[in-house]
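Residue numbers (the UniProt record's numbering), protein chains in the order written: chain A, 1 to 806; chain B, 1 to 806.
Keep in mind the hints are simulated off the structure, nothing from the lab. Ideal placement from N, C-alpha and C gives every residue a C-beta, glycine not left out. Check before you lean on any hint, since a few could be wrong.
[What the hints assert, rightly or not] For lysine to any residue, the following SDA-like pairs were computed, each having C-alpha atoms within a straight-line distance of at most 20 Å:
1) LYS183/B to ALA212/A
2) LYS508/B to ASN735/A
3) LYS552/B to GLU721/A
4) LYS183/A to ALA212/B
5) LYS183/B to ASP216/A
6) LYS581/B to GLU721/A
7) LYS553/A to GLU721/B
8) LYS183/A to GLU217/B
9) LYS112/A to GLU338/A
10) LYS112/B to GLU784/A
11) LYS297/A to ASP452/B
[To be verified] Footprint (simulated), chain A over chain B, 3 or more residues, beta carbon under 8 Å:
12) 491-499
13) 544-554
14) 701-713
15) 722-736
[Unchecked claim] Some residues of chain B that are not near chain A, with every Cβ distance over 10 Å (derived):
16) ARG4
17) HIS41
18) ARG251
19) LYS266
20) GLY274
21) ASP317
22) SER346
23) GLN384
24) THR579
25) LYS581
26) GLN667
27) GLY674
28) GLN679
29) PRO686
2 protein chains.
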Amino acid sequence: MIQRPSLADLNSYWLATNYLSAAQIYLRENPLLQEPLRPDHIKPRLLGHWGTCPGINLIAAHLNRLIVNHDQPTLLITGPGHGAPAVLSNLFLEGSLGERYREYKLDGEGAKNLVRDFSWPGGFPSHLTPATPGTIHEGGELGYALATAFGAAMDNPDLLVACIVGDGEAETGPTATAWHLTKYLNPKRDGAVLPIVHLNQYKIASRTIFGAMSDDELRDLFHGYGYEPILIEAHDSENSADERIPVANHREVANAFDQAIDRIQKLQRRWRNGEGEPRPRWPVILLRSPKGWTVTKELDGERIEGTHRSHQVPVEDPRNDPQHLDALDRWLRSYQPETLFEEDGSPKPSIIRWLPKGARRLGMIPEANGGSIRKPMTIPDWKQYELDIDRNHRGRETASDMKTTGEFLRDVIDNNRGRFRLFCPDELNSNRLGATLDASQRQFVWPTPADDPNIGMQGSVFEMLSEHTCQACMQGYLLTGRHAIFPCYEAFVSIVDSMMGQYAKFLKRSDEIEWRDQVSSFNYLLSSEGWRQDHNGYSHQMPGFLNMLLNKKAQNVRVYLPPDANCLLSTIDHCMRSTGKINLVIASKQPMPQWLSAEEAEEHCRNGLSIWDWASSPTDETVDVVLACAGVYPTAEAVVASRLLRQTIPDLRIRLVNITDLLILEQQSFHPHGLNNEQFDHFFPPGTPVIFNFHGYPSAIKQLLWNRPGHERFRINGYIEEGTTTTPFSLLAANGIDRYTLVDQVLCAGAIERPELRERCVQTRTHFQDVREEMLRHAQHNGEDVPSFTQWEIEPLANAVQGDPI
Amino acid sequence: MIQRPSLADLNSYWLATNYLSAAQIYLRENPLLQEPLRPDHIKPRLLGHWGTCPGINLIAAHLNRLIVNHDQPTLLITGPGHGAPAVLSNLFLEGSLGERYREYKLDGEGAKNLVRDFSWPGGFPSHLTPATPGTIHEGGELGYALATAFGAAMDNPDLLVACIVGDGEAETGPTATAWHLTKYLNPKRDGAVLPIVHLNQYKIASRTIFGAMSDDELRDLFHGYGYEPILIEAHDSENSADERIPVANHREVANAFDQAIDRIQKLQRRWRNGEGEPRPRWPVILLRSPKGWTVTKELDGERIEGTHRSHQVPVEDPRNDPQHLDALDRWLRSYQPETLFEEDGSPKPSIIRWLPKGARRLGMIPEANGGSIRKPMTIPDWKQYELDIDRNHRGRETASDMKTTGEFLRDVIDNNRGRFRLFCPDELNSNRLGATLDASQRQFVWPTPADDPNIGMQGSVFEMLSEHTCQACMQGYLLTGRHAIFPCYEAFVSIVDSMMGQYAKFLKRSDEIEWRDQVSSFNYLLSSEGWRQDHNGYSHQMPGFLNMLLNKKAQNVRVYLPPDANCLLSTIDHCMRSTGKINLVIASKQPMPQWLSAEEAEEHCRNGLSIWDWASSPTDETVDVVLACAGVYPTAEAVVASRLLRQTIPDLRIRLVNITDLLILEQQSFHPHGLNNEQFDHFFPPGTPVIFNFHGYPSAIKQLLWNRPGHERFRINGYIEEGTTTTPFSLLAANGIDRYTLVDQVLCAGAIERPELRERCVQTRTHFQDVREEMLRHAQHNGEDVPSFTQWEIEPLANAVQGDPI
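Based on the sequences and whatever the hints tell you, model everything.
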């Protein structure tokens, strides 16, 4: 039996949420003003943001009305996450807060606790967090609410995702381009997004851009983006009986919301009946309302309501300034709390009786706790895609690791339609995952050329040249219980450094919330790495994302550098099954030598690192020098270097250790994958020099190895910001991770470790230094790489070198 | 005497630039096809991007026409920086390339070298770089061209900045919001930006969003942004006499450009005469043209021209495939090189005679080599703003470091109008630089409320809630020879991690170019740090930008953590005078204790670190434990800890070292500011334990200290991703950088260093552990901070503690 709310119901509810929002910011005692307000009722530290609260409360009231009237499952994403008091007030009154947390149950005690605990140490913070029911987006760092909403709506045909976008947030780049996302939304198969632009003209202190735009400009802009804009100005009602009590023009606001849902339903109906028009125009509500609406109009001779002065704590010092105390008292009493709450402090039944029930409540929509509805993927056996390895000639055959994984992912798509997507900012083809397009088109609903078979109305592939949009969409998709991978150029993933950092915070906090279930991991698959940016050069060389990840909570981050195709298959398989993590996988798209069989790769990946016997000196005894390597290019160079060394000075005992799970380097006490000291010493015997050839900035290895004793014995090579358009070999050489530099470093260490080989080492160094110079001259002269670089025919090359007199 | 080009001139010039662009990608020999084309004429590695070249060439031809016809100083910013072959062709023909580089002088030899060296090791790379004359933007990482253009135009009233925006780049967030920048451009005092959206429908392999939009959608969108859009479709002319020779519809294209310049001139004239209309509508040219235009129409049965297949190297294998060789031959000869170039290979005079001359050439506009026209700022003596320090009670007085610096910057603005700006994404007031608004309004030309005095048509302050836009504008402003500071919330500067990384690359490459003069440094002034985000909490705590900076080239980066107001003044003064760097300054906005007089601060900042005798044990002898600190909060905690320790166990010899220039920690061989080992040992005596209390992630210190011997003796505290809305003290404690944790760590080390004090140390540890617990309980219970935390009345607190029995 549906209880449709009247306009009066909406206003009472709005007053109650406004009251609770303001009370949370100010009161530690006397939460319902049943006593005269005294300074000691005020919190000692006044924290929070009032300015956005009344608008959020208005939107929430009208959204609840839609939910009730249409029985519409609705997820709310609140861009202005600093409006937490508003959201919490709504969650309290609908009872979901109390359902998640006993201390906030829907009664007088709960109301008192809610008011008192807000912004208090241990209580709800001043922003939305994973602790807030119904939340999949904090809204702390602005810009991503809208794209997160679209990600949540994808493949969720019955869901409505309402998204509040503040006019401050609307100024950000990520939001400005996210408006295009309706061009990717299929009204038949996907859900709907209802954006509500919350225009209240001011940021912290300054005018907003959108606040300064005319109605015509706003209409044109959103028309241009492809929407049907619905402009509505919310204001005090002229029909108010008592002008001291705030009454909003609910009829007009309700009409705007009705118009929006009507348009959405018609659009979906037509598309689902096969009558959908091209370029579907979804509604967007542009809601103007006064900033800090219903607060004191003026204080200390300055306007408060409708200005930036209402942004945070509008009445600044009620504890010490009697005028402020009086202003606060009048403001709070203007909502007439005695009409909203019972004597015992619980809300009057009339205020809340019409609200949505059960899973229709904003705080209880299952999609906002995605882990609770997540189903594991159907993943084919990755070993079916194994590349054959000739164990007698490892490295002789080359293949593109990414291409191999593309075939695996093609079948993953096929087995998981409607719950698995690839979000890719710079095109799957360019990252050599083109095979996936055999299983799925790129979904794009705007008209496209007829001769392009890989683009269409429906598909598991999302491509847009916006790392921000891809990241936020994928967050929305994962947090609502689905699965995804983010293939990306390595250099440009740093564009989302800060987004990843915020997402890591979301995961960390989620882990602390008992009722929140783990969602699928966020899987970054980086390719088109800096070491082979032949067409692009220096700007496309930036491996620092990895460093950012290492600063996050150990429980939530993993970094994998699979050295070949079979290891990449095993790694991706693992990542797709994992939950609650940010997995960073860095892989190569160029044809590169292949080392391990599927069986070996599985073992190698399970351990995270291995001694590669076949690339080490044949000895069980003391090792003279360890060649450690992580990453496709550093590994290949290390294998060649080891071979050159073993062929020229067989007496020098070299061990090659490949690391595929970078965090095994961290100490066990810092990271769950970290080796204990005994294990570490097994691979890197104490006192033995280690030449570490690394894919990224050396700083990453320095911070990981910091707590290991005897760090002077580690020499770390990596990317040192040298680059331009040049040959692959010259680029490796410029950064000192090439085979000859490694040979030189090993010989240098070897000469000290093994005095009897000193002379031999010195001679050999000179020889290989000459070879290196010759190779660089060759590249310079012929505009091509060293012979056989990409084919990695190690033996002929090594033989040639060995054949030279040294 | 102006030589206005005819339409035929434009087409011949276009053919010549197209020819040279294609030749650069393909030919190592026979650059003008004077012999039959053979496989060995083809470069061994074919690198580069053809797709965007013909469009860039068309735009450049028509821009040159405007420059000549209007004698208009014009700076070109090319968003599709991967179209370097096109830009280089134009620079070669106008002679600027030859003026900068002898080997590319405007003759046959120069043409041959240009064609041969492109993408060759040591030659011009496939993207624009600082080596390219006329370039202030690489266009490698997409998204920032447009805002860079606006920054270049600010305070440059005579300049036209033309900006090509690819339809790929247009999908990025930063570009999508940068369109709003006309709302910040004052037609009276600033220059003009002419954006040209280069719509050719495809990215690497996929359709572009803008390519799929209808004409109406495009017009509405740009109307909404506030522009007057001029749509033009470039195509093969129907009037072509010989259909094998490409001829473009130049008349229509020229009309579009005329319309644009006409509108710009009228708009500027009216505003400069005081008749400017509100909401000035600037033109934007929306230019549709076929991708890869004029290339082979079809090859191997697939369409090439007008599709994504022309993006990079459209004819893939002319070295080995005779059909491809033939296609390439026909394509190149379609431009009829014999009509464009003399026998000796130099361009025919008729092709180039009409081009702009001297400083009007795109490659020679002085603003593109900003260092050459940069004038140092007029900076008042910073000591005028000194905060008085009572040397007998250091730390007793508190002040906001940022506020003090705001007064300094107010006068800096006053002395440098029109050549100094603040670019601030999250409002100067919020970062406590409000004093600057006494000297300058926030510039914003769209209508604003009459009652806001701090916003207006003209000012030195730029505020927009978009870190991307602020960063790109500031780059454009600096690179054209001016000065600026970027005040920003610390947590959100990570939004521009990757932009900073790209800018660091630009500076590094610039240093290698002889003719490029150094521009003013990019000064980040970070505040609203994570340690005091009372209103916001966990999402506002992210100090990782510093880590990213440390991975850049040492010559270009500096990191300063001034501990108080006088140090901040000295640091900012230094940064505003410096050139060629990225200076990162992290400062506090909350009232915090003040330590050093101006004179002491000057000395401290000059040295980069000092032993603070007044906060250390009175001893010249051996030190038991060094307390090192960097950053305002870690320093304050360290000073209090030292005092607590000295009062409770006077026999323990403690040295407090404050570090204000973080890079002195790096080794001298790695960074010019690095201490040599002798200097380092002076501050941190070998074998002495060091407790390092750091502002950011501990990883930054780990990587800096990596190469110092005996790293086991360093214990590093910092931000470890613990946070929520809580009291300041609880936040410090949660991350283990609070005074009591420091006391504990020092006592722990002291007990080992000084066995005779062992028992005393152990007792004292227990006592302070209890105090710490008590303080945390206090915060939890009372919702307020430990007593006197913000006032830092050290003595009463310390006495109270000392008075307790232990």
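These are the hints, each one checked on the structure:
Proximity of LYS183/B to ALA212/A is assessed by CA-CA distance (about 9 Å); at most 20 Å being required, the pair is judged to hold. Our distance criterion of 20 Å between C-alpha atoms is met by LYS508/B and ASN735/A, whose separation comes to about 15 Å. Between LYS552/B and GLU721/A, the direct Cα distance comes to roughly 7 Å. Compliance with the 20 Å bound is thereby established for this hinted pair. A C-alpha spacing of about 9 Å is found between LYS183/A and ALA212/B, which places the hinted pair at or below 20 Å, so the restraint holds.
Between LYS183/B and ASP216/A the alpha-carbon distance is near 15 Å, which keeps this suggested pair within the 20 Å criterion. Between LYS581/B and GLU721/A the CA atoms are separated by roughly 16 Å; this keeps the pair inside 20 Å, and the hint holds. Of the pairs offered as hints, the one joining LYS553/A and GLU721/B holds, with about 7 Å between alpha carbons and a cut-off of 20 Å not exceeded. With a C-alpha separation of about 12 Å, the suggested pair LYS183/A and GLU217/B falls inside the 20 Å cut-off, and the hint holds.
About 15 Å separates the Cα atoms of LYS112/A and GLU338/A, which keeps this hinted pair within 20 Å; it holds. Proposed proximity of LYS112/B and GLU784/A is supported: the alpha carbons are some 19 Å apart, at most 20 Å. With a C-alpha separation of about 17 Å, the suggested pair LYS297/A and ASP452/B falls inside the 20 Å cut-off, and the hint holds. Using a Cβ-Cβ cut-off of 8 Å, 6 residues of the region 491-499 of chain B lie near chain A, which meets the minimum of three, so the contact claim holds.
Note: the region 544-554 of chain B has 7 residues with beta-carbon separation from chain A under 8 Å; the three-residue rule is met and the coverage holds. With a cut-off of 8 Å between beta carbons, the region 701-713 of chain B has 6 residues touching chain A; three or more are needed, and the interface restraint holds. For the region 722-736 of chain B, the assignment as covered by chain A holds, since 5 residues bring a beta-carbon within under 8 Å of that chain's beta-carbons and 3 suffice. Here ARG4/B stays apart from chain A, with its beta-carbon at least about 36 Å from theirs, past the 10 Å limit.
Every beta carbon of chain A lies more than 10 Å from that of HIS41/B, the smallest distance being close to 13 Å; the non-interface claim holds. Taking the minimum C-beta to C-beta distance to chain A, about 28 Å, the non-interface status of ARG251/B holds against the 10 Å cut. For LYS266/B, the requirement that its beta carbon stay farther than 10 Å from each beta carbon of chain A is met, with the minimum near 21 Å. Even its closest Cβ contact with chain A, about 22 Å, leaves GLY274/B beyond 10 Å, as expected for a residue assigned away from the interface.
The beta carbon of ASP317/B sits about 15 Å from the closest Cβ of chain A, which is more than 10 Å, so the claim that it is off the interface holds. Against the 10 Å criterion, SER346/B stays outside the reach of chain A, whose nearest CB is about 24 Å from its own CB. Residue-level check passed: GLN384/B sits 27 Å from the nearest beta carbon of chain A, beyond 10 Å. Chain A leaves THR579/B outside its interface by the beta-carbon criterion, the shortest separation being 20 Å against a cut-off of 10 Å.
Distance check on LYS581/B: its Cβ is at least 15 Å (rounded) from any Cβ of chain A, clearing the 10 Å threshold; non-interface status holds. A cut-off of 10 Å between C-beta atoms confirms that GLN667/B is not in contact with chain A; the least separation is 12 Å. With a least CB separation of 15 Å from chain A, GLY674/B remains clear of the 10 Å interface cut-off, as annotated. Every CB of chain A lies more than 10 Å from the CB of GLN679/B, the least distance being 20 Å, so the non-interface label holds.
Listed as outside the interface, PRO686/B is consistent with that label: its C-beta sits roughly 14 Å from the nearest C-beta of chain A, beyond the 10 Å cut-off.
Checked against the numbered hints given earlier, this structure breaks none of them.
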